[in-house]
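J.: Turn these sequences into a full structure, and let the hints steer you where they fit.
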Amino acid sequence: MAAPVRRARRSRARRRWATIALFLAPALALYALLVIAPILQAIYYSGFRWNGLGDLDTFVGLDNFKRAFSDDVFIGAIEHNGIFIALSLALQLPFALGVALLLNAQLKGRALLRILYFAPFVLSEVVTGVVFTLLLQPGGFADAVSPVDREWLADPGIVIYTLFVAISWKYFGFHMILYLAGLQQIPRELQEAALIDGARPHEVFRYVTLPLLGPTIRISVFLSIIGALQLFDLIWVMTGGGPVHASNTMAIYMVDWGFKRFQFGYASAVAVILLAISLLFALTYQRLVLRRDIEGALTTMGR
Amino acid sequence: MFKCALGVVAAAAALAVSGCGGGDDDAGSSASKSSGDEPVAFEWWHIQNNEPMKSIWQEAADQYMADHPNVKINITVLENEAFKSKLTTTMQGGKTPDMFQSWGGGTLKEQVDAGLVKDVSELTSGWIDELNPAAVGLYQVDGKQYGVPFNLGMVGIWYRKSLFEKAGIDAPPETWSEFLEDVQKLKDAGITPLAVGAKDKWPGMFWWANLSLRIAGKDAMAQAGEDGSFDSPGFVKAGEELKKLVDMKPFQDGFLAAPWDGAGGEAAEIGNGRAAMDLMGQWAPATFAANTKDGEKVLEDLGWFPFPMVEGGAGQPGEQFGGGDGFAFGADAPPEAVDFARFLVSSEIAEKGGASGAILPVIKGSEASVTDPNMKAVLDERAQSDFVQLFLDQAYAPAVGQAINDAVQGLFAGKSSPQDVAQQIADAAKAG
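Protein chains in written order, with the working numbering: chain A, 1 to 303; chain B, 1001 to 1432.
Heads up, a few of these hints could be off.
[As the list claims (entries may be wrong)] Far from chain B, by Cβ distances over 10 Å, these chain A residues were calculated: (1) G140; (2) Q191; (3) G242; (4) P243.
[Unchecked claim] Incomplete in silico selection of chain A near chain B, CB under 8 Å: (5) N51; (6) G52; (7) S146; (8) P147; (9) E151; (10) V244; (11) K260; (12) R261.
No wet-lab data here; the hints were simulated from the structure. Ideal Cβ placement from N, Cα and C applies to all residues, glycine included.
T.: Structure (structure tokens):
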């Protein structure tokens, strides 16, 4: 009696695994082909000096990596990515949160404002880049409205901040929408109860709204940092990383060496570094910061 | 969701540099080495994707196939950038089209070294002398002929005659010191003397390249290409002269962020008469006209003079900076492909291109077909030139060309000294 039951159970388990494998296989195959394989290929190329033509015959070991970290331009590019991350966290996200709080309040025409603020995110990066280039050219709109006369894109000292304004204009709407969604999940009763208990509005924000918004903020910070690490399109269109590398990022540096200088081995090494930094950050952040959010329930008060 | 997004981005990054794919191209599939009346088919990739050249060449190919019934030409017409990336990916797969667009120089040399292109010295020996020697020279590697030119242009200084008149300049300058005086005269008259699109880097590089050709000389430039000696005194001196010019602040506002073409660009400055002079190739007038409302007016107001001679420099008159277009041939290309190239550069076809203003044909005697006064000005000078220094990003390895672009941009921005520039380029060239 026991044996047939066990056999039936085992065969049912086997069938379940077969079904899972059947459904997973196409996705796994695609993932391996389109994600894993190119990454492995880039890692392989990064060990060679290779101009894209002919055979891979000049193996240089880790030289490409040493070269990258001894190149001031690449170090500068990493610093610029760091500046974009710092500015995004310090200015762009708080601004987005402020706007979200405003638009969460009872405000006339807030639906229209929400659409208006979100609109830039829908534009393509290239269109945004072209529009801002036009606004910022000498004698253009920016010069007409600005009290100070500066060369917004041509001055290596300020170009990175000019770009940050353009990038923020494009992306704050996205974070605003995230925050709005988060805000709307917070039960009004909690805030009302705090007010009745005598909390002042800023205390309600600090001790009720902000903690409950925690999961949303953590995701928003995560996306913002990953985005800043991978910055490419908008800068490529507006400055190409210049003048004199003043707005270079890691991704621009990589494309420059790959497709303008045709040193695919070295560019692959840069790609691997960029991947390592992104991956390291993503895994650490998920493990340390996002763990509770990923595990589920938002009812843990978020802190 | 974010995990997936990260994966996709990483994959894109990896894909971007690995350049895999492009395996479906039909390049290099021709029957090899056939002669006589056996059927022959070959692949021809060219980048004349605009009229009138597109039709002129299509008709030429039809005519050739009618005259040679055994030959079948498979034509692929590509836009410039699309051509470059498609050729790169195809060559990474070890294949080459039988006949394709080539600019000669360092890129051609790399293809030769990789064994991807055909030595056509013998196949062209009977008739290559009929072409402009400066143009033919661009397709030679180690004394062997690897390509056939069909177009050769030069870089010189375009200027607005009306603005020269306004500043009281009677004749174009012939020497560098006269040129600097004229720059000052234009400044004194309240006119921006020069436009440059330093965002694109290469328009700035043109200044350094021309000064190097005039001061260090063509032999030093060839030598530097071999051993990376870009830090020799001639190049430092060229940088110093360029710094002298940059220090006069002769360029339009915001030139570091200006591109060559498009809104706020170098071409629009000249097209709209906001700047007087522009160092650019023979393609410039069309771009000036396209960047302003009244294109005709610009074309009539334009003048051209070759880059001025520098006193005490090693450069000689008759040496110019420029480049052109031609064809190279895949390693397995049939001889018919070379014969077809000969037909394309012959007077019959080349003069159609010359008359249309699209190219400056290189077969001797075809110069008369060019009637546009701006193009004629360039051609008259070319007729007296026996040497053309190829555009540096094509003459040298791509990494060296880009290093020159970057280093010179530093000079334009006032961030690098002439010594720094020479050193940076030499370092990049020696690193290979």
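J.: Which of the numbered hints above does this structure break?
T.: Hints 1, 3, 4, 7, 8 are the ones this structure does not satisfy, whereas the remaining hints hold.
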